[in-house]
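Start from the sequences, fold in the hints, and give me the full structure.
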Amino acid sequence: MSIGSNLSLRLAAILLIGFLLVQLVIAVVVLPGSPDSGRSYGLPKPAEAAAIADALDRAPAAQRSALVCAFDGGLYSLSLASALPPRWRSSDELEGLATRYRAAANGRAVSVDGRRPRIGRWIGDAARPARFLAPIRVAIGLRDGEILLLTSQPSDDLRAYIQGRAMVGAAGALVLLGALMLAVRQTTRPLGRLSRGVRRFADDLDAPDLPVRGPREIRALAAAFNEMKAQIRALVGERTRVLGAIAHDLRTYLTRLRLRAEFIDDGEQRNRTVRDLDEMAALIDDTLFLADRDSAPPARPEPVPLATALGEIVAAHAELGDAVTLAPVPADLAIAATPLALRRVLDNLIVNGLRHGTRVVVTAAAAGDASVAITVEDDGPGVPAAALSRLGLPFQRFDPSRSRETGGAGLGLAIVRALAGRDRASVRFEQATPHGLRVVLHYPRAAC
Numbered sequence: 001m002s003i004g005s006n007l008s009l010r011l012a013a014i015l016l017i018g019f020l021l022v023q024l025v026i027a028v029v030v031l032p033g034s035p036d037s038g039r040s041y042g043l044p045k046p047a048e049a050a051a052i053a054d055a056l057d058r059a060p061a062a063q064r065s066a067l068v069c070a071f072d073g074g075l076y077s078l079s080l081a082s083a084l085p086p087r088w089r090s091s092d093e094l095e096g097l098a099t100r101y102r103a104a105a106n107g108r109a110v111s112v113d114g115r116r117p118r119i120g121r122w123i124g125d126a127a128r129p130a131r132f133l134a135p136i137r138v139a140i141g142l143r144d145g146e147i148l149l150l151t152s153q154p155s156d157d158l159r160a161y162i163q164g165r166a167m168v169g170a171a172g173a174l175v176l177l178g179a180l181m182l183a184v185r186q187t188t189r190p191l192g193r194l195s196r197g198v199r200r201f202a203d204d205l206d207a208p209d210l211p212v213r214g215p216r217e218i219r220a221l222a223a224a225f226n227e228m229k230a231q232i233r234a235l236v237g238e239r240t241r242v243l244g245a246i247a248h249d250l251r252t253y254l255t256r257l258r259l260r261a262e263f264i265d266d267g268e269q270r271n272r273t274v275r276d277l278d279e280m281a282a283l284i285d286d287t288l289f290l291a292d293r294d295s296a297p298p299a300r301p302e303p304v305p306l307a308t309a310l311g312e313i314v315a316a317h318a319e320l321g322d323a324v325t326l327a328p329v330p331a332d333l334a335i336a337a338t339p340l341a342l343r344r345v346l347d348n349l350i351v352n353g354l355r356h357g358t359r360v361v362v363t364a365a366a367a368g369d370a371s372v373a374i375t376v377e378d379d380g381p382g383v384p385a386a387a388l389s390r391l392g393l394p395f396q397r398f399d400p401s402r403s404r405e406t407g408g409a410g411l412g413l414a415i416v417r418a419l420a421g422r423d424r425a426s427v428r429f430e431q432a433t434p435h436g437l438r439v440v441l442h443y444p445r446a447a448c
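Per UniProt numbering, the sequence shown runs over residues 1 to 448.
No wet-lab data here; the hints were simulated from the structure. Cβ coordinates follow ideal geometry from the N, Cα and C atoms, glycine included. Keep in mind that a hint or two might mislead.
What the hints assert, rightly or not - Label pairs and their computed distance ranges (CB to CB):
| hint | residue 1 | residue 2 | range |
| --- | --- | --- | --- |
| 1 | Met167 | Arg10 | 24 to 34 Å |
| 2 | Arg256 | Arg390 | 29 to 39 Å |
| 3 | Arg428 | Phe289 | 16 to 26 Å |
| 4 | Arg10 | Val198 | 15 to 25 Å |
| 5 | Arg272 | Thr308 | 39 to 49 Å |
| 6 | Arg219 | Thr252 | 41 to 51 Å |
As the list claims (entries may be wrong) - List time: in silico DMTMM-like cross-link candidates among lysine to aspartate or glutamate, alpha-carbon distance up to 25 Å:
| hint | residue 1 | residue 2 |
| --- | --- | --- |
| 7 | Lys45 | Asp72 |
| 8 | Lys229 | Asp204 |
| 9 | Lys45 | Glu146 |
| 10 | Lys45 | Asp113 |
Below, the structure is given as C-alpha cells:
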C-alpha cells in the first residue's frame, strides 16, 4: 500500500514532514554559524580562546586542572596536553580558521586540524553549526610549553545530558506520532464507512442508511448520500412499477392479437404474426426480468459443484439436439453462486452461441486460489474488436438482422452481465480463434 493511495498515511506523512521541518528550522536558528568566527564550528570565538589561554598562563600549575574543569562544559571540550597529539587532517578552510585564531592568540603557536566529515561530505570543511561527528580541534601553545586543546565536541557531562534529552525527545516524538496517527485514523474512519456504504448500496438497493455522525462535513456528506439513496430507490421502484403496469397491459393486447391471429386465413401470414407476437412477449419478459434484477435484493450465493451443475445444463441442451460440448471438469471444483442465476447465465450464453454459430464448447478451470474461470465459446462469425466493450449493454446488437432467431433484442448478454455481477462474478468478452466469440466468467471459488 503506497502513501499516495491511502488518505490516513498521506495525512500522517504531511504532519511528520512538517514536524521534521520545524525541528530543522529550530536547529538552524538556534545554532547559527558565522564564517568569521569559531562558533560556526562549535568552538569558542578566537578572542574567547585567547582569554582562556591567558587565564591558564596566569594560573598556578596546581590550579590549572580545576580551571580546565571550570571551562569545560559547553558545546566544545577543553583539555591540556604535554605535546601535540597526532595530527588529523587540514584543509584550506581550516587554515583560514587557524589564521583567525593566531591573530587573537598574542603570539602563541596555533594549529587547527579536523576529522573527515562522514555526513555532509560535499560541504567539506565549510562553516556549519555543531560539527560533533567530524570534530575540529584547535591547539594553542601555553607559555610553559603545555598545549591547550579545544575540540568541537560537547564535554562528557553535556554529552550525557544531550543523550538523555535526545532519548526523552525521541520517546516524546513517538508518543506524538502515535497520537497523530490515532487522530488521523479517527478523522478518516467516517470516509471508510462511507466507502463501504456506497459499495453495499451498489449491490443492494435496500442497504441500511449511513449513520449521520462525526464532524460536520462528514455528517453533511452522509445525510446527502442517504437522500440520494432514497431518491434512487424511489426512481428504480417507480420504473419497475411502470414497466410492470405496461407489461400487464401489453400482455392483455398480445393475448387479444393472438386470438385474432387464429382467424387469419393465410397460413403463412398467420404463422408470421404469431411469431412476431411471441417475440414481443419474450422482449417484454426479458425487459421485466432485467429491471427486476436491478431492484430485487441480492440472493445469498452458495457453493455450487461445477462438474454437476455444468453437466446438467449441457445435458438439457443436448436433449434438445443442441451441439454443446462440456470439457472435463475437476470433481472438486466449486464456485460461490446462485444456482438459478448460474443456470440462466449459461443458458443465455449457450443460446446466443448457437444462434450465431453451429456449436458451443463449455470449459471450467481454476484461475488461481480464489477464482474459477468458466468459458463459453462458439464458432460463429464473432464480434468486431471495437464492439467488444459494448457487449453486455442493454439493446446492443451486432447482427444486421432484426429477427429474434438471429439477432434477438439485445438483452440476453445484458442479463448475463447483470446476473453474474450480483454473484460478484466478472464477465469478459473476447474474440475466439480462428473465429467466434469467447465469454469468460470469473466466479469466486468455494469449497466443494
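### Range agreement (Cβ of Val198 with Cβ of Arg10, hint 15 to 25 Å)
Given about 20 Å between the Cβ atoms, the range holds.
### Query
Is Lys229 close enough to Asp204, meaning Cα to Cα at most 25 Å?
11 Å, holds
### Query
Should the hint that Arg256 and Arg390 are 29 to 39 Å apart at their CB atoms be regarded as holding?
For Arg390 against Arg256, whose Cβ atoms are near 37 Å apart, the range 29 to 39 Å holds.
#### Entry: Outcome for the supplied range 16 to 26 Å, where the beta carbon pair is Arg428 and Phe289
23 Å, holds
### Range hint 39 to 49 Å (beta carbons of Arg272 and Thr308) holds or violated
The hinted range 39 to 49 Å holds for Arg272 and Thr308, with Cβ atoms some 41 Å apart.
### Query
Do the Cβ positions of Met167 and Arg10 conform to the proposed distance bound of 24 to 34 Å?
Cβ of Met167 to Cβ of Arg10: about 30 Å, so the range 24 to 34 Å holds.
#### Entry: Hinted pair Lys45 and Asp72, Cα distance within 25 Å
Distance of about 15 Å is within 25 Å: holds.
### Task
Take the C-beta atom of Arg219 and the C-beta atom of Thr252, compute their distance, and say whether it sits inside 41 to 51 Å.
About 50 Å separates the Cβ atoms of Arg219 and Thr252, which means 41 to 51 Å holds.
#### Entry: Satisfaction of hint between Asp113 and Lys45, Cα-Cα up to 25 Å
16 Å, holds
### Message
Need the status of pair Lys45, Glu146: alpha-carbon distance at most 25 Å?
### Response
Answer holds: Lys45 to Glu146 is near 21 Å, not above 25 Å.
Violation of the numbered hints given earlier is absent; every hint is satisfied by the structure.
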